[in-house]
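*Asks:* Sequence:
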Amino acid sequence: MNTMPPIRTGLDERIKSVQQELKGYFQEAKHLYKEAINAFTKLDSEVYIEAKEARAKAREVNWDLTNDLLLILALNQPLMQDLRIIATYLRAVDTVERIIRHARDIARSDRSIDENADHLPEEIVKPVLEMHGYLNDLMEITVVCLTEGKEVPADEVRKAWKSTKDAHAKAIAALSTLQSDTMGGKASRLEVVNIVNRVDRSAYNIVRLNGMWHHALNNENIILD
Numbered sequence: 123m124n125t126m127p128p129i130r131t132g133l134d135e136r137i138k139s140v141q142q143e144l145k146g147y148f149q150e151a152k153h154l155y156k157e158a159i160n161a162f163t164k165l166d167s168e169v170y171i172e173a174k175e176a177r178a179k180a181r182e183v184n185w186d187l188t189n190d191l192l193l194i195l196a197l198n199q200p201l202m203q204d205l206r207i208i209a210t211y212l213r214a215v216d217t218v219e220r221i222i223r224h225a226r227d228i229a230r231s232d233r234s235i236d237e238n239a240d241h242l243p244e245e246i247v248k249p250v251l252e253m254h255g256y257l258n259d260l261m262e263i264t265v266v267c268l269t270e271g272k273e274v275p276a277d278e279v280r281k282a283w284k285s286t287k288d289a290h291a292k293a294i295a296a297l298s299t300l301q302s303d304t305m306g307g308k309a310s311r312l313e314v315v316n317i318v319n320r321v322d323r324s325a326y327n328i329v330r331l332n333g334m335w336h337h338a339l340n341n342e343n344i345i346l347d
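Numbering (this note's numbering) for the sequence shown: 123 to 347.
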C-alpha cells in the first residue's frame, strides 16, 4: 500500500513570509518600549498617544499573522515539528502584542507621573533602565531564533533573565525605602510600581517563549526561568 507524502503547499515559503512579518512586529514592539521607557526617565507624557495608536495597530497585526498561520495549517499536512513551530509562532504573535500592551501601560503611567512629579530619584530610574536593557537583549535573541531557525542560547537567556530579576529587586528595594513625595505622591508611586512590574512581566513572557521555541525544535522541555 502506497502512502501519500504529506501536503506541503508552499509551506516553507509561507513560513518565511511569517518570519519576516514577525521580525517587523518585534521591531515595532522594541521601538515603542524604548519610547515609553525614555518618557519615564524624562517625565514626558506625550508618548502615550503614540502608544495607544500602536496598541490598536498591534491588534490588527495580531489578527493578520494569526490568520496567515492558520491558513498554513489549512492548506498543508504539516509534520509534528512543523506543528510545534507554528504553535510557537502563534504564541510569539500573542507575546509581542502583550509586550506592546505593556508599553502602552507604561506610557499611560508616564502620563500620570508627569502630572505629579518634577523628577524621579536615580535609585528608581537606574534599575528600570537596566531592566529595559536586559529585555532588549532577550528580544534580540528571540528574533534571531524565531526568524532564522536558530537554537536557543540557553545560558544567555538565563543570564539576561537573572539580571532582569536582580534589577527588579533593586527597584522594589528602592521603592520600599524612598518617600512617596520624592516621586510625586502615593499615586505616582503606584504608577512607578506598575512600570517596574510591567517590564519584569514582559521579560518573563519572552523567556517562556524561548522555552517553547526550544521545545519546538527539539521536542524536549528546558527550564530557563
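Where hints are given, some of them may not hold.
Said to hold, decoys possible - Per label pair, the in silico range of CB-to-CB distance:
{"#": "1", "residue 1": "Q141", "residue 2": "H241", "range": "37 to 47 Å"}
{"#": "2", "residue 1": "T304", "residue 2": "M202", "range": "54 to 64 Å"}
{"#": "3", "residue 1": "K164", "residue 2": "K287", "range": "19 to 29 Å"}
{"#": "4", "residue 1": "Q141", "residue 2": "E245", "range": "16 to 26 Å"}
{"#": "5", "residue 1": "N160", "residue 2": "Q199", "range": "45 to 55 Å"}
{"#": "6", "residue 1": "D288", "residue 2": "T163", "range": "14 to 24 Å"}
{"#": "7", "residue 1": "S298", "residue 2": "Q203", "range": "19 to 29 Å"}
{"#": "8", "residue 1": "E342", "residue 2": "S302", "range": "46 to 56 Å"}
{"#": "9", "residue 1": "H337", "residue 2": "G146", "range": "47 to 57 Å"}
{"#": "10", "residue 1": "Q199", "residue 2": "K248", "range": "44 to 54 Å"}
{"#": "11", "residue 1": "K164", "residue 2": "D288", "range": "37 to 47 Å"}
Said to hold, decoys possible - Here are the simulated lysine-lysine pairs, DSS-like style, with alpha carbons at most 25 Å apart:
{"#": "12", "residue 1": "K152", "residue 2": "K308"}
{"#": "13", "residue 1": "K281", "residue 2": "K292"}
{"#": "14", "residue 1": "K152", "residue 2": "K248"}
{"#": "15", "residue 1": "K292", "residue 2": "K152"}
{"#": "16", "residue 1": "K281", "residue 2": "K308"}
{"#": "17", "residue 1": "K281", "residue 2": "K156"}
{"#": "18", "residue 1": "K272", "residue 2": "K164"}
{"#": "19", "residue 1": "K138", "residue 2": "K152"}
{"#": "20", "residue 1": "K281", "residue 2": "K145"}
{"#": "21", "residue 1": "K248", "residue 2": "K164"}
{"#": "22", "residue 1": "K248", "residue 2": "K287"}
{"#": "23", "residue 1": "K156", "residue 2": "K284"}
{"#": "24", "residue 1": "K287", "residue 2": "K152"}
{"#": "25", "residue 1": "K272", "residue 2": "K292"}
{"#": "26", "residue 1": "K272", "residue 2": "K284"}
{"#": "27", "residue 1": "K248", "residue 2": "K308"}
{"#": "28", "residue 1": "K138", "residue 2": "K179"}
{"#": "29", "residue 1": "K248", "residue 2": "K281"}
Bear in mind the hints are in silico, worked out from the structure with no lab data behind them. Each residue gets a CB set at the ideal place from its N, CA and C atoms; glycine is no exception.
*Asks:* All hints are to be evaluated individually against the structure, with a verdict given for each.
*Replies:* Checked hints:
1. Q141 / H241: 37 to 47 Å: Since the Cβ atoms of Q141 and H241 sit about 43 Å apart, the hinted range of 37 to 47 Å holds.
2. T304 / M202: 54 to 64 Å: At 56 Å between Cβs, range holds.
3. K164 / K287: 19 to 29 Å: With a Cβ separation near 26 Å, K164 and K287 satisfy 19 to 29 Å, so the hint holds.
4. Q141 / E245: 16 to 26 Å: violated, 41 Å
5. N160 / Q199: 45 to 55 Å: holds, 47 Å
6. D288 / T163: 14 to 24 Å: For D288 and T163 the Cβ distance comes to about 20 Å; the hint holds.
7. S298 / Q203: 19 to 29 Å: Taking Cβ atoms as reference, S298 and Q203 lie about 47 Å apart, which means the hint is violated.
8. E342 / S302: 46 to 56 Å: holds, 48 Å
9. H337 / G146: 47 to 57 Å: Cβ of H337 to Cβ of G146: about 25 Å, so the range 47 to 57 Å is violated.
10. Q199 / K248: 44 to 54 Å: holds, 53 Å
11. K164 / D288: 37 to 47 Å: With a Cβ separation near 25 Å, K164 and D288 fall outside 37 to 47 Å, so the hint is violated.
12. K152 / K308: violated, 30 Å
13. K281 / K292: At roughly 17 Å apart (the allowed maximum being 25 Å), K292 and K281 satisfy the hint.
14. K152 / K248: Answer holds: K152 to K248 is near 19 Å, not above 25 Å.
15. K292 / K152: Given that 25 Å is the threshold and the Cα spacing comes to 23 Å, the pair holds.
16. K281 / K308: Distance of about 34 Å is beyond 25 Å: violated.
17. K281 / K156: Roughly 21 Å between the alpha carbons, so the hint for K281 and K156 holds.
18. K272 / K164: It is violated: about 37 Å lies between the C-alpha atoms, which goes past 25 Å.
19. K138 / K152: holds, 21 Å
20. K281 / K145: Holds, at roughly 23 Å.
21. K248 / K164: Holds, at about 12 Å.
22. K248 / K287: Status holds; Cα separation ~14 Å.
23. K156 / K284: holds, 21 Å
24. K287 / K152: It holds: about 20 Å lies between the C-alpha atoms, which stays within 25 Å.
25. K272 / K292: Given that 25 Å is the threshold and the Cα spacing comes to 33 Å, the pair is violated.
26. K272 / K284: Roughly 22 Å separates the two Cα atoms, so the pair holds.
27. K248 / K308: holds, 20 Å
28. K138 / K179: Holds. K138 to K179 sits at ~22 Å (cutoff 25 Å).
29. K248 / K281: holds, 19 Å
Of the numbered hints given earlier, the model fails hints 4, 7, 9, 11, 12, 16, 18 and 25; all others are met.
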